[in-house]
Amino acid sequence: MAETLTPEQVRKVARLARLKLTDEELQRLTPQLSDVLKYVDMLSEVDTDDVEPMAHAIEVHNVLRPDETRESLPREQALANAPNSDDRYFLVPQIIEGA
Amino acid sequence: MSLIGQSSSQLRQAFTEGQATAVEIATEYLDQISRTDDNVAALLHVDREAALARAAEVDRRREAGETLGPLAGLPVIVKDNICMRGVPATCASRMLENFVPPYDAHVIEQLQAADAVLIGRANLDEFAMGSSCENSAFKPTRNPWNRECSPGGSSGGSAAAVAARMAPLAVGSDTGGSIRQPAAFCGVVGMKPTYGRVSRYGLVAFASSLDQIGPFSTDVHGSALLLETLAGHDVRDTTSVDQPVPSYTETLEQPLEGLRVGIVKEHFGDGLDEEVGTAVHAAIDAYRSLGAEVKEVSLPHSKYSVAAYYIIAPSEASSNLARYDGVHYGHRAEKFENMVDMYETSRGEAFGDEVKRRIMLGTYALSSGYYDAYYLKALKVRRLIREDFDKAFADVDVIAGPATPTTAFRIGELIDDPLAMYLNDIYTIGANLAGIPGISLPCGQSGAGLPIGLQLLAPPFEEERLLRAARMYEAQTNWHGACPDLEGLAGSADR
Numbered sequence: 005m006a007e008t009l010t011p012e013q014v015r016k017v018a019r020l021a022r023l024k025l026t027d028e029e030l031q032r033l034t035p036q037l038s039d040v041l042k043y044v045d046m047l048s049e050v051d052t053d054d055v056e057p058m059a060h061a062i063e064v065h066n067v068l069r070p071d072e073t074r075e076s077l078p079r080e081q082a083l084a085n086a087p088n089s090d091d092r093y094f095l096v097p098q099i100i101e102g103a
Numbered sequence: 004m005s006l007i008g009q010s011s012s013q014l015r016q017a018f019t020e021g022q023a024t025a026v027e028i029a030t031e032y033l034d035q036i037s038r039t040d041d042n043v044a045a046l047l048h049v050d051r052e053a054a055l056a057r058a059a060e061v062d063r064r065r066e067a068g069e070t071l072g073p074l075a076g077l078p079v080i081v082k083d084n085i086c087m088r089g090v091p092a093t094c095a096s097r098m099l100e101n102f103v104p105p106y107d108a109h110v111i112e113q114l115q116a117a118d119a120v121l122i123g124r125a126n127l128d129e130f131a132m133g134s135s136c137e138n139s140a141f142k143p144t145r146n147p148w149n150r151e152c153s154p155g156g157s158s159g160g161s162a163a164a165v166a167a168r169m170a171p172l173a174v175g176s177d178t179g180g181s182i183r184q185p186a187a188f189c190g191v192v193g194m195k196p197t198y199g200r201v202s203r204y205g206l207v208a209f210a211s212s213l214d215q216i217g218p219f220s221t222d223v224h225g226s227a228l229l230l231e232t233l234a235g236h237d238v239r240d241t242t243s244v245d246q247p248v249p250s251y252t253e254t255l256e257q258p259l260e261g262l263r264v265g266i267v268k269e270h271f272g273d274g275l276d277e278e279v280g281t282a283v284h285a286a287i288d289a290y291r292s293l294g295a296e297v298k299e300v301s302l303p304h305s306k307y308s309v310a311a312y313y314i315i316a317p318s319e320a321s322s323n324l325a326r327y328d329g330v331h332y333g334h335r336a337e338k339f340e341n342m343v344d345m346y347e348t349s350r351g352e353a354f355g356d357e358v359k360r361r362i363m364l365g366t367y368a369l370s371s372g373y374y375d376a377y378y379l380k381a382l383k384v385r386r387l388i389r390e391d392f393d394k395a396f397a398d399v400d401v402i403a404g405p406a407t408p409t410t411a412f413r414i415g416e417l418i419d420d421p422l423a424m425y426l427n428d429i430y431t432i433g434a435n436l437a438g439i440p441g442i443s444l445p446c447g448q449s450g451a452g453l454p455i456g457l458q459l460l461a462p463p464f465e466e467e468r469l470l471r472a473a474r475m476y477e478a479q480t481n482w483h484g485a486c487p488d489l490e491g492l493a494g495s496a497d498r
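These protein sequence lines map, in sequence, to chains S and Y.
Numbers given in the working numbering equal positions in the first sequence, counted from 1, plus 4.
Numbers given in the working numbering equal positions in the second sequence, counted from 1, plus 3.
One chain only, chain S, in its complex shape (with noise of 0.2 angstroms):
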């Protein structure tokens, strides 16, 4: 760990994360990203060899509902937040090409 990440580590991370920096936040963000990373370093001072890892503050467990239809919210509401949907579907970009 605890190594110093380049713009080009950044520009990856980016894109896996799907977010589109500009070149000025690319700079502002790949020594402040740095920062964070090398003050976490601290954890690996930590001997965790024998502790199980803790995803949740509280026993979680399955949780199940009886298997029964129920009404789902209509459709006219689920498209009101769309930024495009032709009040049947949501509207997205071509993705199959020459279809």
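Since the hints were derived computationally from the structure, they do not count as laboratory data.
As the structure is a prediction and not an experimental result, all values here were calculated from the model.
Every residue, glycine too, gets a C-beta built ideally from N, C-alpha and C.
You may find that some hints are simply not true.
Within a straight-line C-alpha distance of at most 27 angstroms, the following computed DSS-like cross-link-like pairs (lysine-lysine) qualify [unchecked claim]:
1. Y:Lys306 to S:Lys42
2. S:Lys42 to Y:Lys268
3. Y:Lys338 to S:Lys42
Facing chain S, a subset of chain Y residues (Cβ under 7 angstroms, in silico) [as the list claims (entries may be wrong)]:
4. Val90
5. Ser212
6. Val248
7. Ser250
8. Met363
9. Ala485
10. Leu489
Given the coordinates of chain S, assemble chain Y onto it according to the supplied hints.
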């Protein structure tokens, strides 16, 4: 007599005894918002007509002799990351600028059922990420005690609104201290319940294993009253715990006999402002004088809490915020090349700096090759932090310490130094990682006149103990009665 500045129980009494109607109360508080919010910028959305209509409905039902809920006629302000049907929920983000939820959060249903009058939506750091309220995409909230200073974050709007007496009660959310830190900065009471105590259904998710909704109030009684309403089992949140909710207000005035108060030596080390330390020590002396036994306890892993948090919270955030794709709701860019470019451009345009930083951190920590070294490691340290608390609570009933290392910092002071900003939550984050309840209540003021917060922590589901312990201290002092200069806040903005 003015209703502004009265505690929730005084207002409740005025309402039940017929000295004030719900409409009169709502009108005074809405007027207080009109007078002061130009200068405080605590709120993002106020629908005066809807609030007054709701208050009129409460009055009508009282006149009809109907039994009313425990918050009948009380104005409540809700953080803008909690969904309410038909009312904008922006999360202080360009991403959700035009989002109007089609459903009510569990806590909104509870507030409505309790006959509260919801009068406004509070500003926050975008998607509840931040400790200063400066990460709001719309405006920074100002600290009512000193408008050059931050109210803290991310529930800074809720805390500032209660401090400026725009409502006696407000609702916030706390992921790493986002209720307790602004409560300390603004001189009000703020409480994070045990994880699972309050349903997160309808709370816009940031870090799901840490987020918890909780109350703000001018005094401890108000938080007890509001928590009674918010808490309870909800099948729509699978982490909501099915346990009866005690009546916190009923037992509040009973001091705890033989109370053992733990102080953590790690909480009084480097970085703690001297004035804050002095005020907190004085508060602990107050417990001694009440007959409490004060014992030192150790939380040896607490120094790793901020580091563990800034892996775990961003990891969960990167996953939760993947839903903002510009398809189902939220911002969509106008110009893009293809589907992936549409995602990237929409998200790049609509998220602010802090949200981007955290999504990036989380994506990095969860990415191939780094998962074990960062995310898994942080989860293991999280368990050690929880075990420290379990050991400490074997010896003491509550832990007392500072809520924040300093009093409110100046707006702009830390905004370009994320790490320094993150360290502001060093005393509060442990409770989120461990899932335990915590409260911050006023315990003093700095020479510059800024409030200081005392944090009390208790074992899981011991909210009743926590509130009673907090009330024991409050009953001995007058800090909760301290109020910023409301006259000075009134009038048009002069900045």
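Structure-based check of each hint:
The suggested pairing of Y:Lys306 with S:Lys42 holds, with an alpha-carbon distance near 15 angstroms, which does not exceed 27 angstroms. Note on S:Lys42 and Y:Lys268: the hinted pairing holds, with a Cα-Cα distance of about 26 angstroms set against a maximum of 27 angstroms. With a C-alpha separation of about 37 angstroms, the suggested pair Y:Lys338 and S:Lys42 falls outside the 27 angstroms cut-off, and the hint is violated. Of the supplied interface hints, the one on Y:Val90 is violated, with its beta-carbon coming no nearer than about 13 angstroms to a beta-carbon of chain S, more than 7 angstroms.
Look at Y:Ser212: its Cβ gets to within about 5 angstroms of chain S, closer than 7 angstroms, so that hint holds up. Because the closest C-beta pair between Y:Val248 and chain S is about 16 angstroms apart, greater than 7 angstroms, the hint is violated. Annotation: interface hint on Y:Ser250 violated; nearest CB of chain S at approximately 23 angstroms, more than 7 angstroms. Interface hint at Y:Met363: satisfied, since its Cβ lies 5 angstroms from the closest Cβ of chain S, which is below the 7 angstroms cut-off.
Annotation: interface hint on Y:Ala485 violated; nearest CB of chain S at approximately 33 angstroms, more than 7 angstroms. Among the interface hints, the one on Y:Leu489 is violated; its C-beta lies about 38 angstroms from the nearest C-beta in chain S, farther than the 7 angstroms criterion.
Comparing the model with each numbered hint stated earlier shows that hints 3, 4, 6, 7, 9 and 10 do not hold.
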